[in-house]
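According to mature numbering (1 follows the signal peptide of the UniProt record, and there is no 0), the stretch in the sequence shown is residues -31 to -1, 1 to 317, in order.
Treat the hints as calculated values from the structure; they're not laboratory data. Fair warning: this is a prediction, and the values are worked out from it, not measured in the lab. Treat each hint with caution, since some may be false.
Okay, derived cross-link-like pairs now, DSS-like style, lysine-lysine, Cα gap no bigger than 25 Å in a straight line [as the list claims (entries may be wrong)]:
(1) Lys258 / Lys81
(2) Lys20 / Lys165
(3) Lys2 / Lys239
(4) Lys132 / Lys165
(5) Lys2 / Lys132
(6) Lys258 / Lys275
(7) Lys71 / Lys275
(8) Lys81 / Lys25
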Amino acid sequence: MRNSLASWSRRATIAAAAAVSLLGAASLAHAAKTELLVYSALEADQIKAYKSGFEKAHPDIELKFVRDSTGIITARLLAEKANPQADVIWGVAATSLMLLDKQGMLAPYAPKNLAKVRSTMRDPNATPTWVGMDLWSSAMCFNTVEGDKRKVAAPASWADLTKPEYKGMITMPHPASSGTGYLMVAAWLQMMGEDKGWAYMDALHQNMGVYTHSGSKPCRQAGAGEFPIGLSFEYRANKTKKDGAPIDIIFPKEGLGWDVEATAIMKTSKKQEAAKLLADWSATPEANKLYAANFAILALPEAQEKMDFVPANLESMLAKNDFNWSAANRERILAEWSRRYEAKAEKK
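Construct the complete structure from the given sequences, taking the supplied hints into account.
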């Protein structure tokens, strides 16, 4: 009996030691994961799928996100220039990344699949500092129920938005906070010329209900009936309509403002090898297939899919967009915009 008890005790001791060893190994494996701090303006409802896709391909790397609207993320990165915190920027407007590049904050790196990326959706240097993921463009969300109640027809153009019957019925993103807001303003100034562009925005301002600090919010507001017209972008418009909101999506006939979501590595990151793996993965067909669930125009055309409520010829509707001009004049444009229109900005 004593021998049996002694034998059981030895087995129990060995099992306990093995369990402790396994726990220790698991703890060490977890501790060995590299954490990348990612600054992003990706929509919150996109991040989960992208994060999961990357971490499945690279289980030894864990992504931690700081997420906000484009303008706010851009301002934060510039404010942190003396002591940068981020390792990677993922899903931020190319025009913002061009500003950071001019400040010497980005590391040149050519992802492995760079040759397949559209030439119009990457830094043109041989070794780029930013590489595009997808393109997003402006769109209007018009609540048909509210339109009927207020006896107003859907607008078909940017010019229509200045008609007096729309007074107080429009919401759009603040261009200093939102990349969607800025791409609209930059498009109007380029399409119309600066004098006519500012005159247009003066007239639009008379009909504006509020300038929001989110590119998605105006379409959500239109979908909920808070405002009949929300100026937003095609991803949010498509999703809002798919979710059952009574909206028509309008792509103004004069042309659509647009920008490119892109990836860049911070020069100061101490985790360059892990950051390069994220940059590589971001340009893969696998990543682009995830982007295709949200956007109609991708860095890798092979991965594009038709979106439910977005025209197949969306690319032909894009306005001419000089990225260099948009980036170089951003500070001046935002200062002038705020001087003229800040009074109707929502409170932060």
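Hint check:
A threshold of 25 Å between alpha carbons decides the hint, and for Lys258 with Lys81 the separation of about 17 Å falls inside it, so the pair holds. This hinted pair does not check out: Lys20 and Lys165 have alpha carbons roughly 43 Å apart, beyond 25 Å. Of the supplied pair hints, the one linking Lys2 and Lys239 holds, its CA atoms being roughly 14 Å apart against a limit of 25 Å. The straight-line distance between the Cα atoms of Lys132 and Lys165 is roughly 16 Å, inside the 25 Å bound, and the hint therefore holds.
Under the criterion of a C-alpha separation no larger than 25 Å, the hint pairing Lys2 with Lys132 is inconsistent with the structure, at around 57 Å. For the suggested pair Lys258 and Lys275, the alpha carbons sit about 12 Å apart, so the restraint of at most 25 Å is met. With a CA separation close to 36 Å, the supplied pair Lys71 and Lys275 exceeds the 25 Å bound. Restraint check for Lys81 and Lys25: satisfied, since their Cα atoms lie roughly 19 Å apart, inside the 25 Å limit.
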